[in-house]
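Engineer: Sequence:
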Amino acid sequence: MYRCSNRVLAEPEENFVLRVERLLANNSVRYILQQQQMTKQPEGAGVMESMLYADARRGRASQLEGQDADHGLGIRPGVSMSEVSDKRSDTSEKRLDETRRVLKAPFFKSWEDFMDFDNNYKHKIPITQSDFMLLLEKESQNMQGWDMCVDRKEIKVAKTIQTDGSGCLFLRAWSTLPDAELPVVFHMFHRCEKRMQWDKSFFEMKVVDEIEGSDILYSVLRVPACSSRDYVQYRRTKVLEDGTILISLRSANHPELPETSKHVRAESFTSGYVMRRYDDGNEKGTKVFLMTCTDVKGIIPKWIINFVAPRKPGEWIDCLKRACLEYQASNPDYESLLKELEPFKEYHSFDFEDMDATVTHGKSGNEEATRILL
Numbered sequence: 001m002y003r004c005s006n007r008v009l010a011e012p013e014e015n016f017v018l019r020v021e022r023l024l025a026n027n028s029v030r031y032i033l034q035q036q037q038m039t040k041q042p043e044g045a046g047v048m049e050s051m052l053y054a055d056a057r058r059g060r061a062s063q064l065e066g067q068d069a070d071h072g073l074g075i076r077p078g079v080s081m082s083e084v085s086d087k088r089s090d091t092s093e094k095r096l097d098e099t100r101r102v103l104k105a106p107f108f109k110s111w112e113d114f115m116d117f118d119n120n121y122k123h124k125i126p127i128t129q130s131d132f133m134l135l136l137e138k139e140s141q142n143m144q145g146w147d148m149c150v151d152r153k154e155i156k157v158a159k160t161i162q163t164d165g166s167g168c169l170f171l172r173a174w175s176t177l178p179d180a181e182l183p184v185v186f187h188m189f190h191r192c193e194k195r196m197q198w199d200k201s202f203f204e205m206k207v208v209d210e211i212e213g214s215d216i217l218y219s220v221l222r223v224p225a226c227s228s229r230d231y232v233q234y235r236r237t238k239v240l241e242d243g244t245i246l247i248s249l250r251s252a253n254h255p256e257l258p259e260t261s262k263h264v265r266a267e268s269f270t271s272g273y274v275m276r277r278y279d280d281g282n283e284k285g286t287k288v289f290l291m292t293c294t295d296v297k298g299i300i301p302k303w304i305i306n307f308v309a310p311r312k313p314g315e316w317i318d319c320l321k322r323a324c325l326e327y328q329a330s331n332p333d334y335e336s337l338l339k340e341l342e343p344f345k346e347y348h349s350f351d352f353e354d355m356d357a358t359v360t361h362g363k364s365g366n367e368e369a370t371r372i373l374l
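Just so we're aligned, residue 1 is where the sequence shown starts under UniProt numbering, counting upward by one.
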């Protein structure tokens with residue numbers, strides 16, 4: 001309505017229009033709107049929209065009928081339309097000057113908030129900075145409520161059953177890969193063609209798109225004696241200042257990857273990996289923490305999943321370690337892989353939002369610094 005009006009807007013109205021235009025220009029918002037447009041509308045929706053547009057058009061015509069256009073639209077006599085346009089432009093530029101880019105506050109406030117959040121909406125939201133914060137939280141969480149089902153020197157695995165009624169198994173594992181260099185571990189895990197060489201659990205894995213800093217990863221998992229499971233996941237990587245690598249994944253929607261009868265579509269509530277160098281004087285290599293909470297769907301009994309799943313991290317880590325050491329032996333220049341980490345050291349534009357300078361005016365330095373750091 002504001003765009004169709006030619007009158008001079010008041011400052012609150014101008015500010016409102018500016019904020020909505022920024023919102024509609026956001027790539028994530030545009031992506032969600034495109035998905036909604038692809039969804040079949042309920043019966044009669046097209047007719048209702050047509051009626052609304054027709055009513056609006058008739059109302060607009062009657063408003064202009066018999067009026068002086070300039071006076072009827074609230075424009076002062078003697079003020080040309082070009083002057084109105086110039087004033088609008090000046091006001092918009094002024095408002096833009098009064099905004100600043102700051103990191104968004106955490107989208108998910110806590111682990112409980114993350115797990116309780118509607119999965120249908122999470123499927124439309126790429127990985128956020130709060131996903132990484134929750135991953136680090138789970139790495140350091142104590143063992144209260146968890147069962148330590150594997151406890152060996154090179155790997156420890158803990159499990160718990162989700163209390164939301166789904167009965168899904170949640171696994172955490174801490175492992176060490178002696179002599180395996182961090183950039184090699186990341187290369188062999190992150191590159192789909194490399195992972196397919198050593199991770200025989202999957203018979204297809206590929207990146208099909210990139211949305212707001214997150215890859216759209218498609219993979220198909222082998223399930224012995226059962227239908228294969230396929231996943232569509234967001235995957236995002238972040239490299240911290242100390243060189244620690246964080247990788248977060250969860251289920252996503254993508255218009256090019258609908259569910260098919262060929263595979264059972266699994267739900268990845270969350271998966272994550274933390275990779276960091278270690279050197280204790282006697283041994284050095286890479287430490288890997290992983291967590292996963294997945295509903296494989298279908299008719300596989302939960303007790304079978306709960307019995308088999310805790311063994312898999314150990315097998316998986318052994319295969320990864322062997323692949324890394326073989327790669328290092330045949331590629332002595334593996335340090336060149338460090339350049340693969342560079343793109344993940346910076347924030348993405350998706351991590352920021354515009355803040356009106358008038359919102360922060362009058363706040364203490366500590367309050368504003370806290371907001372910007374968040």
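One or more of the hints may lead you astray.
Simulated restraints, written as ranges between beta carbons of each label pair [as the list claims (entries may be wrong)]:
hint, residue 1, residue 2, range
1, K297, L33, 37 to 47 Å
2, A225, S336, 42 to 52 Å
3, L24, E326, 18 to 28 Å
4, V29, E112, 39 to 49 Å
5, D351, L33, 32 to 42 Å
Below 27 Å or equal to it, Euclidean Cα-Cα: the simulated DSSO-like pairs (lysine-lysine) are [unchecked claim]:
hint, residue 1, residue 2
6, K109, K206
7, K297, K262
8, K262, K138
Honestly, the hints are just simulated from the structure, not real lab data.
None of these values were measured; they are calculated from a predicted model.
Built from N, CA and C at the ideal position, the CB exists for glycine as well.
Engineer: Falls inside 32 to 42 Å, the C-beta gap from D351 to L33?
Structural biologist: violated (21 Å)
Engineer: So does L24 sit 18 to 28 Å from E326, Cβ to Cβ?
Structural biologist: violated (50 Å)
Engineer: Given a hint of 39 to 49 Å, does the C-beta separation of V29 and E112 actually sit inside it?
Structural biologist: violated (27 Å)
Engineer: So the hint says 37 to 47 Å: do the beta-carbon atoms of K297 and L33 match that?
Structural biologist: violated (29 Å)
Engineer: Hinted pair, alpha-carbon criterion (27 Å max): K297, K262. Please report holds or violated.
Structural biologist: holds (14 Å)
Engineer: Can the suggested window of 42 to 52 Å be confirmed for the beta-carbon pair A225 and S336?
Structural biologist: About 43 Å separates the Cβ atoms of A225 and S336, which means 42 to 52 Å holds.
Engineer: Would the hint linking K262 and K138 be met if the CA-CA limit is 27 Å?
Structural biologist: violated (34 Å)
Engineer: Run the distance test for K109 versus K206: straight-line Cα separation, threshold 27 Å.
Structural biologist: violated (31 Å)
Comparing the model with each numbered hint stated earlier shows that hints 1, 3, 4, 5, 6, 8 do not hold.
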